[in-house]
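Protein chains: 2
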Amino acid sequence: MNSEKPKNILFIMFDQLRFDYLSCAGHPFLETPNIDKIAEKGVRFSRCYVQSPICGASRMSFYTGRYVDSHGAAWNNFPLKVGELTLGDHLRKIGVQSWLVGKTHMQADVEGMERLGLDPDSIIGARVSDCGFDVFERDDGLWAQGPDGYYDEKRSPYNEFLKQKGYKGENPWHAHANSGVDEQGNIKSGWWLNNAGLPANINEEDSETPYLTNRAIEFLNKMQDEKSGSWMCHLSYIKPHWPYIVPAPYHNMYGQNQVLAAVRSDYELENTHPVYKQFIDNKVGKAFQREEVRRSVIPAYMGLVKQCDDQLGRLFSHMEKTGQMENTMIIITSDHGDYLGDHHLGEKGMLHEPSVKIPLIIYDPSPDADASRGSQCDELVESIDLAPTFLDFFGANIPDHILEGRSLNQLIHNQKPEIWRDFAVSEYNYSTTPMAAKLELAPRDARLFMICDKNWKLIHAEGGFRPMLFDLKNDPDELKDLGDDSSYSSVIDSMYNHLAQWSRRQSQRTTISDEKILQARSKRKRTGVLLGVYDENEVPLDQRQVYQGKADIRLEQDED
Amino acid sequence: MNSEKPKNILFIMFDQLRFDYLSCAGHPFLETPNIDKIAEKGVRFSRCYVQSPICGASRMSFYTGRYVDSHGAAWNNFPLKVGELTLGDHLRKIGVQSWLVGKTHMQADVEGMERLGLDPDSIIGARVSDCGFDVFERDDGLWAQGPDGYYDEKRSPYNEFLKQKGYKGENPWHAHANSGVDEQGNIKSGWWLNNAGLPANINEEDSETPYLTNRAIEFLNKMQDEKSGSWMCHLSYIKPHWPYIVPAPYHNMYGQNQVLAAVRSDYELENTHPVYKQFIDNKVGKAFQREEVRRSVIPAYMGLVKQCDDQLGRLFSHMEKTGQMENTMIIITSDHGDYLGDHHLGEKGMLHEPSVKIPLIIYDPSPDADASRGSQCDELVESIDLAPTFLDFFGANIPDHILEGRSLNQLIHNQKPEIWRDFAVSEYNYSTTPMAAKLELAPRDARLFMICDKNWKLIHAEGGFRPMLFDLKNDPDELKDLGDDSSYSSVIDSMYNHLAQWSRRQSQRTTISDEKILQARSKRKRTGVLLGVYDENEVPLDQRQVYQGKADIRLEQDED
Numbered sequence: 087m088n089s090e091k092p093k094n095i096l097f098i099m100f101d102q103l104r105f106d107y108l109s110c111a112g113h114p115f116l117e118t119p120n121i122d123k124i125a126e127k128g129v130r131f132s133r134c135y136v137q138s139p140i141c142g143a144s145r146m147s148f149y150t151g152r153y154v155d156s157h158g159a160a161w162n163n164f165p166l167k168v169g170e171l172t173l174g175d176h177l178r179k180i181g182v183q184s185w186l187v188g189k190t191h192m193q194a195d196v197e198g199m200e201r202l203g204l205d206p207d208s209i210i211g212a213r214v215s216d217c218g219f220d221v222f223e224r225d226d227g228l229w230a231q232g233p234d235g236y237y238d239e240k241r242s243p244y245n246e247f248l249k250q251k252g253y254k255g256e257n258p259w260h261a262h263a264n265s266g267v268d269e270q271g272n273i274k275s276g277w278w279l280n281n282a283g284l285p286a287n288i289n290e291e292d293s294e295t296p297y298l299t300n301r302a303i304e305f306l307n308k309m310q311d312e313k314s315g316s317w318m319c320h321l322s323y324i325k326p327h328w329p330y331i332v333p334a335p336y337h338n339m340y341g342q343n344q345v346l347a348a349v350r351s352d353y354e355l356e357n358t359h360p361v362y363k364q365f366i367d368n369k370v371g372k373a374f375q376r377e378e379v380r381r382s383v384i385p386a387y388m389g390l391v392k393q394c395d396d397q398l399g400r401l402f403s404h405m406e407k408t409g410q411m412e413n414t415m416i417i418i419t420s421d422h423g424d425y426l427g428d429h430h431l432g433e434k435g436m437l438h439e440p441s442v443k444i445p446l447i448i449y450d451p452s453p454d455a456d457a458s459r460g461s462q463c464d465e466l467v468e469s470i471d472l473a474p475t476f477l478d479f480f481g482a483n484i485p486d487h488i489l490e491g492r493s494l495n496q497l498i499h500n501q502k503p504e505i506w507r508d509f510a511v512s513e514y515n516y517s518t519t520p521m522a523a524k525l526e527l528a529p530r531d532a533r534l535f536m537i538c539d540k541n542w543k544l545i546h547a548e549g550g551f552r553p554m555l556f557d558l559k560n561d562p563d564e565l566k567d568l569g570d571d572s573s574y575s576s577v578i579d580s581m582y583n584h585l586a587q588w589s590r591r592q593s594q595r596t597t598i599s600d601e602k603i604l605q606a607r608s609k610r611k612r613t614g615v616l617l618g619v620y621d622e623n624e625v626p627l628d629q630r631q632v633y634q635g636k637a638d639i640r641l642e643q644d645e646d
Numbered sequence: 087m088n089s090e091k092p093k094n095i096l097f098i099m100f101d102q103l104r105f106d107y108l109s110c111a112g113h114p115f116l117e118t119p120n121i122d123k124i125a126e127k128g129v130r131f132s133r134c135y136v137q138s139p140i141c142g143a144s145r146m147s148f149y150t151g152r153y154v155d156s157h158g159a160a161w162n163n164f165p166l167k168v169g170e171l172t173l174g175d176h177l178r179k180i181g182v183q184s185w186l187v188g189k190t191h192m193q194a195d196v197e198g199m200e201r202l203g204l205d206p207d208s209i210i211g212a213r214v215s216d217c218g219f220d221v222f223e224r225d226d227g228l229w230a231q232g233p234d235g236y237y238d239e240k241r242s243p244y245n246e247f248l249k250q251k252g253y254k255g256e257n258p259w260h261a262h263a264n265s266g267v268d269e270q271g272n273i274k275s276g277w278w279l280n281n282a283g284l285p286a287n288i289n290e291e292d293s294e295t296p297y298l299t300n301r302a303i304e305f306l307n308k309m310q311d312e313k314s315g316s317w318m319c320h321l322s323y324i325k326p327h328w329p330y331i332v333p334a335p336y337h338n339m340y341g342q343n344q345v346l347a348a349v350r351s352d353y354e355l356e357n358t359h360p361v362y363k364q365f366i367d368n369k370v371g372k373a374f375q376r377e378e379v380r381r382s383v384i385p386a387y388m389g390l391v392k393q394c395d396d397q398l399g400r401l402f403s404h405m406e407k408t409g410q411m412e413n414t415m416i417i418i419t420s421d422h423g424d425y426l427g428d429h430h431l432g433e434k435g436m437l438h439e440p441s442v443k444i445p446l447i448i449y450d451p452s453p454d455a456d457a458s459r460g461s462q463c464d465e466l467v468e469s470i471d472l473a474p475t476f477l478d479f480f481g482a483n484i485p486d487h488i489l490e491g492r493s494l495n496q497l498i499h500n501q502k503p504e505i506w507r508d509f510a511v512s513e514y515n516y517s518t519t520p521m522a523a524k525l526e527l528a529p530r531d532a533r534l535f536m537i538c539d540k541n542w543k544l545i546h547a548e549g550g551f552r553p554m555l556f557d558l559k560n561d562p563d564e565l566k567d568l569g570d571d572s573s574y575s576s577v578i579d580s581m582y583n584h585l586a587q588w589s590r591r592q593s594q595r596t597t598i599s600d601e602k603i604l605q606a607r608s609k610r611k612r613t614g615v616l617l618g619v620y621d622e623n624e625v626p627l628d629q630r631q632v633y634q635g636k637a638d639i640r641l642e643q644d645e646d
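Which chain is which? The protein sequence lines are A and B, in order. This note's numbering puts the first residue of the first sequence at 87, with every later residue one more than the last. This note's numbering puts the first residue of the second sequence at 87, with every later residue one more than the last.
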């Protein structure tokens, strides 16, 4: 590794990319050679879990390095509280810049900022508003529009780009990038899943993934021109997230004969857990139970993934040309998965593997990582592990009284850590959904917790329900819920004990480090507080130094 | 109640005042007629628990209305993180001033304030630094001094007062207010417990409790002169907290024959829980196991309490003269108790009743409270209940997504609430102490949790220890630890289940109220996100309104 060059991190995230829709992860039809190439140069993690299978909450965990229950931004557009520290805060502290190119789904805590008098237009205020990043480009890619206005009121750089390019309409993001065009030239909305197979109404090079790739290349050139110091760049794509539609030639690159069968069984529809039942019966679940929906959507989804891979190919060859591969750590991951009809469900939210497990590939240019190149790691890994991994990459101390994840560096360097986590945890808050209303649950009871090890996955639902339990060893497809089977009560008890231990973790003592606490133990400041001394003669004279009259005390503090 | 006058709250806290050292609570020798008078006009709670039996952590729970594990300021001088909302924030929001006269033990999150660019000298910065209060007087009353300087580096208004009065020495707080004088006129430090019986080296009217009472009267007069609107004033005394020494005539008002026998048994020294054993063996524990220590300290402690009661008498008669009794809610409580030798322990920290249970008396001037005057309430109450009670008193909504306590108003108004808490929880973090070092515990494992109902108290210790269990019905003195008795395993399991439920509580989703979540359920904004629709014909035409060409969407959002 060239020591003259500063080390950088390119933290690439896709949105709603399933862990198994990559050729390096074993997909039989989908070819992703550019992502595979990074896997060959790095480590691919086969069991990485997000902290919540929903954009906003999951991302806040990536960006804070903390569990959802610790940072509190439990669903889309729940503001991240003003006091929470982010990756950007930790990196700036060690002199590393933290840049955003793309999506965060961050909702600023406007009320909290007002309370503390933080101006959103100040540098600090802008960083707090953007989850600790300095913004090269922020585009959350959700420019949907209805009678009550836009889903996202922010300015859309991408829509402005399309208008400059001459695309017509008030919202070309929808009418062009996310609508199809049929053979008669009629524009068909990408919201209708039966249009998924049409080519998007846009030139491929103007669609969202190439657009953001261009912006990323502009960023890389800018940083190289400026000879800036070390940076971490979060390159965050909206795709293959819905609307499921992709421009030619990707729209018909994959055929219905390449649509994998849905992983589901009728058994799942018997004695179904009441919360799971709500997901099965919701609009998206019902839609993806229809084979015509899967056959329409999945080829488009595969095309979107293929386009993502091609664009990473462009990006990586630019980095190779400009000599940035040898000093840049590259992460490829996603904020959650997509059921695509598995388990009778669509989208995400429930806690089966297709929803909660994500791809994670890490390429570390350091020689230390040579031993592990091209390998697969099957340890239990969580999305919150990236923040400490980044600090470790830059040789910084990891504030583990704030960051709840663990550095992956040893795993990346093929050194088996002495102790690794035995359990992964994910959470889902469905309190705002009609499902919670149908179950008549109070907001705080509309919460799911997943805890799994390599053999078992338990899903706990607040609100007085039985748990769900899956035998991951013998039923890796999670088709048989054992949560109602009394013969597994000891397994359930032990999983609940681990969940209880996790729930008691100390997550809020963020203003005092373990290091400071250990220092306080070993060397207590002598500031005159003396407890439990009956007679001054119990204290050595040389320490006592009681001045006559003033009676000032000069002794070891003892605050036991 | 005079409707012309604004409603106010006088929130009086003593430091280290045991729940049972009041005549209204049944102490056989100690007379506290002025406190008793408030009990006769209000409600006395017989089972109020602090969230942690240590000044700093307990107070942060009083002032935030949140459990220690939720606000994170788990021990003395652990800074309260900058984002935490305080009683002052909630009250100011409804136009009620929040004033401090006395002690808070608040440690500002200086690093967090710097990170957010908060100037401690700005109004907002000063409030954040002082736990949300506007400061009439801040005096934490801990002006101990040693080779490494003062325990508390802040300016001491009380020491300045003493110097103005002509008291000599660099630190008259110690040499006069907290030292004794023997018959030969020698000054004897109050740190030595064998000096506890001497009269303090100061005129009674210049000692700490009268001094702060004077400041409180000045505050009341100021607010009356200014005809200010509603306010909450936290009048926070340092006494009867150590050093255990009191001026004449209180120093010999109580005799050794009035020292109650220590509540302890040799049984407690057999098969002792390893963590409890550390408390028994620490310096303070060993001291208070000596009868001479108890006989020296307890009469002084009783004298300090008596002085506190006399000073409240002065304060209340001033309030009666100035007509402030009829519009002021009065709270009398403490931040934790004092073992005074019970259970072979001194001070506080462990989780037996003398440490974790506090006096709580609430006088509500409203006619609604007439039905309950002079009554005793035996419900399980926690210190975090005061914050919501105050908001309720002012008729404000209670943000129960932030405040974890429950309003006591129904109990104060003698209306039995339909649902009340079944369990009280307290925590103790001893990670900085030599006890944790002796047990070789990591900081996060040096934590205790108490959960109790009216029949049982379980104490869980992190770090792989067995629990402690007490049968409060049959062993109210907590002399027999049943935590190692397998015949109680079902009780232990059920208490652990309740602790697990408490640990999973949602404590950090503070930026979105339950109300907003329920609104989102019932009326979702129509912003054009449409999931799970295969064919536009599945949507009523009148809703569809797909404009030809532009394909703009005008439909119900459905984000299930």
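Everything labelled a hint here was simulated from the structure, so no lab data went into it. Be a bit skeptical, because a hint or two may be false.
Pairs involving identical chains hold if they fit within one copy or between any two copies, as the list cannot separate such chains.
Straight line, CA to CA, 30 Å or less: simulated DSSO-like cross-link-like pairs of lysine-lysine [unchecked claim]: (1) K566 - K502; (2) K609 - K363; (3) K127 - K609; (4) K254 - K611; (5) K179 - K254; (6) K179 - K167; (7) K167 - K602; (8) K372 - K240.
Computed from a predicted model, the values in this text were never measured in an experiment.
For each hint, the structure was consulted:
no.: 1; hint: K566 - K502; in the structure: neither (33 Å within a copy, 47 Å between copies)
no.: 2; hint: K609 - K363; in the structure: between (57 Å within a copy, 23 Å between copies)
no.: 3; hint: K127 - K609; in the structure: neither (47 Å within a copy, 50 Å between copies)
no.: 4; hint: K254 - K611; in the structure: between (71 Å within a copy, 26 Å between copies)
no.: 5; hint: K179 - K254; in the structure: neither (45 Å within a copy, 47 Å between copies)
no.: 6; hint: K179 - K167; in the structure: both (20 Å within a copy, 18 Å between copies)
no.: 7; hint: K167 - K602; in the structure: both (25 Å within a copy, 16 Å between copies)
no.: 8; hint: K372 - K240; in the structure: neither (32 Å within a copy, 65 Å between copies)
This entry does not satisfy hints 1, 3, 5 and 8, going by the numbered hints stated previously.
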